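Q: Sequence:
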Amino acid sequence: MAVISLMTDFGLKDGNVGVMKGVIWKIAPQAQISDLSHLISPQNIAEAALILYRSAPYFPDFSIHLVVVDPGVGTARRPMAARLGNQYYVGPDNGTITLLLELVEQQNLPTHFIHLNKPEYWLPNVSYVFHGRDIFAPVAARLAAGTPLEALGTPFDDPVRLALPQPERTAAGWRGQVIHVDHFGNIASNIRVEHLGEMLQHKERLTVRVRGAEIHGLVNTFGERTPGTLVALIGSTGNLLACLVNGNAQTRLGVQIGDAFEVVYE
Numbered sequence: 008m009a010v011i012s013l014m015t016d017f018g019l020k021d022g023n024v025g026v027m028k029g030v031i032w033k034i035a036p037q038a039q040i041s042d043l044s045h046l047i048s049p050q051n052i053a054e055a056a057l058i059l060y061r062s063a064p065y066f067p068d069f070s071i072h073l074v075v076v077d078p079g080v081g082t083a084r085r086p087m088a089a090r091l092g093n094q095y096y097v098g099p100d101n102g103t104i105t106l107l108l109e110l111v112e113q114q115n116l117p118t119h120f121i122h123l124n125k126p127e128y129w130l131p132n133v134s135y136v137f138h139g140r141d142i143f144a145p146v147a148a149r150l151a152a153g154t155p156l157e158a159l160g161t162p163f164d165d166p167v168r169l170a171l172p173q174p175e176r177t178a179a180g181w182r183g184q185v186i187h188v189d190h191f192g193n194i195a196s197n198i199r200v201e202h203l204g205e206m207l208q209h210k211e212r213l214t215v216r217v218r219g220a221e222i223h224g225l226v227n228t229f230g231e232r233t234p235g236t237l238v239a240l241i242g243s244t245g246n247l248l249a250c251l252v253n254g255n256a257q258t259r260l261g262v263q264i265g266d267a268f269e270v271v272y273e
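First residue of the sequence shown? That's 8 in this note's numbering, and the numbers climb one at a time after it.
These aren't lab readings, by the way, just hints derived from the structure by calculation. Be aware that one or more of the hints could be misleading.
To be verified - List of simulated lysine-lysine pairs, DSS-like, C-alpha gap at most 27 angstroms:
hint, residue 1, residue 2
1, 20, 33
2, 210, 125
3, 125, 20
To be verified - Here are the simulated distance ranges between beta carbons:
hint, residue 1, residue 2, range
4, 229, 173, 23 to 33 angstroms
5, 263, 153, 41 to 51 angstroms
6, 82, 29, 38 to 48 angstroms
7, 178, 130, 52 to 62 angstroms
8, 41, 168, 39 to 49 angstroms
9, 154, 208, 42 to 52 angstroms
On a predicted model such as this, the values are computed, not experimentally measured, just so you know. Glycine is no exception: its CB is placed at the ideal position from the N, C-alpha and C atoms.
When you get a sec, could you build the whole thing from the sequences and use the hints?
A: See below:
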């Protein structure tokens, strides 16, 4: 039985996550469900796209990633199931797959997109405002139970893609922006290890600038600096980070998503 990862912006107060799991288990009792996150910022599709991109490659082949961050629920936006390389996605066609799709395309892996337009695979009564329960959960369960992807609806080839910001090369380095702040207040930029390339051979010559702070040199671990010190490093997903040792860098600097984030080679 396939693994189903579940990501939402529901939080854990109101029971909606548990209800979706119940729907899945009624259809596919042996399904294994992994709670990826239910604390995505409300309606933040770009954040969901980033978490999906970072997480999906670590799941077994042909896992099903059920994502419900769906500010357009009940509107004309398409409900979708997709094959993305060796993974499946179920959720709204609103750009959530953007980064994972780019990765799969770079690897020349197969993709296939299905518009979920066959109500016989949904719950009998569909709410305008809870497609996660009434459409996406039963579809994910049917995939897990062996229903072919192609049986669930009609193929299409133009999934929504988010226009995500890209870093820019400068004379002295790279200029990007803040794209994520994690639970610890670590600040992630869209500048990645592949952008820095040979600059990383001389980490001591790199300076990170964010919200008026300058961080000189990159470290490999937090333990290389004393508590309360701002540090810059390459995070576990390959993004350049600004962090506060044993503290919260976002709180210290007042950083917001979209703020400028620059690295220069000196």
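Q: Among the hints numbered above, which are violated by the structure, and what are their numbers in rising order?
A: 2, 3, 6, 8
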